[in-house]
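Protein chains: 2
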Amino acid sequence: MFEFTVTGRLPGSGRTGLLTTPHGPIRTPVFMPVGTAASVKSLSPAELEDLGAQIILANNYHLFLRPGSANVKTLGGLHEFMHWPHPILTDSGGFQIQSLKPQITEAGATFRSHIDGSRQFLSPEIATRSQIDLGADIIMAFDESTPAQTSRRQAEEQMQRTHRWLDRCIKVWKSLPSPSPSLKKRGSGEDLTQAPFGIIQGGSFPDLRRASAEYVISKHLPGIAIGGASIGADPVETAANIAMVRDLLPANKPVYAMGVGVYPSDAVAVVTAGADMFDCVAPTRLARCGQLYHPDSKSEYIDISKSIFTLDNKIIFDDCDCYTCKNGFTRAYLHHLFKSRELLYYRLASIHNLRVIIRTVEDLKNGAKMPL
Amino acid sequence: MFEFTVTGRLPGSGRTGLLTTPHGPIRTPVFMPVGTAASVKSLSPAELEDLGAQIILANNYHLFLRPGSANVKTLGGLHEFMHWPHPILTDSGGFQIQSLKPQITEAGATFRSHIDGSRQFLSPEIATRSQIDLGADIIMAFDESTPAQTSRRQAEEQMQRTHRWLDRCIKVWKSLPSPSPSLKKRGSGEDLTQAPFGIIQGGSFPDLRRASAEYVISKHLPGIAIGGASIGADPVETAANIAMVRDLLPANKPVYAMGVGVYPSDAVAVVTAGADMFDCVAPTRLARCGQLYHPDSKSEYIDISKSIFTLDNKIIFDDCDCYTCKNGFTRAYLHHLFKSRELLYYRLASIHNLRVIIRTVEDLKNGAKMPL
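Line order of the protein sequences matches chains U and V. Under this note's numbering, the first sequence has 145 at position 162, and the numbering climbs by one with no breaks. Under this note's numbering, the second sequence has 168 at position 185, and the numbering climbs by one with no breaks.
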């Protein structure tokens, strides 16, 4: 049920592929919009389909706290809960907890909920069981994500704990093969298990990254992710981090670069570096803050909050095939909606940014060289 | 271009009719969703069409302040600005200014902008010119709206000022026949002028209401509105206020009850009382606060914020043909989105409430008796 086949070559280390999941196929490379709390902010499932989203990401940290993973399971699993019949990936929460100044022990991470300040605990076992309850097609190992400016000593310690935690995640996956109700529905049972991905850590240290890659690869999981703060924020550093381990990665496993895709150029960089999957909250978050992607701008966006747009009757940019541009919503109207904090703004802006980054990846795919 | 024909009878003083405007026909009775600042909060024009909106309302007070009516004119008029090709009505701002503790003189109203606290002035002339710039199909007289608990003396004073202001509004309409760019486009010119409606005031005093009705009727305008705080808030009082003047109103003019439609039963009450048009911000505002219309509830709504909905996998109510219910979005998911303040909630909830109130009116129309 879960298979990955490389179908063609792209510039650099890029490649195209086909990833089969219980909720349908995904043509890679693929950008995954982020629906943190079981909703890609402001957008309906139909709009996500319309803008070309093949798979979306949801977050175990958020859903574990609210509405609770067991509740989502009772309600039929995440696909049914949020009306998204296509593939879903859940992140384990390791990365999100980072920003909450958690207390990390070998057992797991103790932190305070951002919702009510309550004391909470996530461990490899709890995070994995929670993700099994949510029922996404792809679930992530519970890792200790290495922040920026981490010393070698600390990065190594975090990497090694991430490896030990990976073993504990795998133990739970193996002991709890029962898929979520939403996965059960679609098939005969056994073959419909969720696909777990391991996560490579190691900070910005090439030898640690390679050691981590070797460890994760040795587990023979269906996919391999590259995580930590040195991935995502800066495209050059991201590409360098992927390059450190690229030659080690098995050709028949999808490579997921976590948190990458702030601007459209990042999509080009990460695909060229060899990633098959990537995700980022930035396209929708920047949209909500007024940054609308624009190919002719050096910064890659126009800032719609600026008063120069008050009387600008043009669309965001010509040839853009997003719903917002295609339907002629003007910069002047978007500027007005933004200034008035009208809810429609967030939607029209999010659609534009997501469509631009997804189209960037589609264009890369369409330029794919001959099949291997 | 602007014509009203009564087409049938409904229970009580109710009737069906056909109102022709430069941007298309409206079958009355009609509930008009409110798009205060050129956007019905959270909804796209396509969604408004889909839920059966025939005409929407926008507010001169808000648009005068931002983005500025002259700017909207430069951008092609309100229809083009907000991508709503169907009829629009603009309220003059008289009612909105009320809540800003304005300084009222014979000249007009001085008040502070809710946006930046700046001192602003609206007069019958300015409000009318501003609405001509916006270019709605129907524009409203600039009135001094009588608040609740107003003494007879004060209500009479406000009514008389409203009448004098009406004369000044009419003078401007006559001196500035040039329609907005968006109205010009559609035809040959002269016949495409906007339709001005006068507003009956007089508080809760039957003799004042009747005197006001007679005054407004004597102006032979295309439509007649009933305004003031005694309209809208309470359905019984609203019906009583309409009843006070119903026999005076000419049969061939549309009657607009301003600010009516908090709950679906209000729609029934106001149509039965004889109104052809009505509007209210409540359906979308209540939706955003968690009140979702429900026919079996005594209160006419369920409060989706309540934790009893956490595991409720039903839709808001069976047989509802709104997008939200039709597509199976559950109470549990809506509850989760509401608690998480997800932007998608506001949309799914607003669609439901607007569709329910519009369908209530459609159902009344479909039960219409034989044509007159």
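Hint data in this document are derived by calculation from the structure and do not stem from the laboratory. One or more hints might be untrue.
Listed below are the simulated EDC-like cross-link pairs for lysine to aspartate or glutamate, each with C-alpha atoms no more than 20 Å apart in a straight line [what the hints assert, rightly or not]:
#, chain 1, residue 1, chain 2, residue 2
1, U, Lys309, V, Glu30
2, V, Lys309, U, Asp346
3, V, Lys322, U, Glu63
What you are looking at is a predicted structure, and each value in this text was computed from that prediction instead of being measured.
Against the structure, the hints:
For the proposed pair U:Lys309 and V:Glu30, the alpha carbon gap of about 16 Å is at most 20 Å, so the pair holds. With a C-alpha separation of about 35 Å, the suggested pair V:Lys309 and U:Asp346 falls outside the 20 Å cut-off, and the hint is violated. Pair hint V:Lys322 plus U:Glu63 holds up; C-alpha atoms about 19 Å apart against a cutoff of 20 Å.
Hint 2 alone, counting from the list given before, is not met by this structure.
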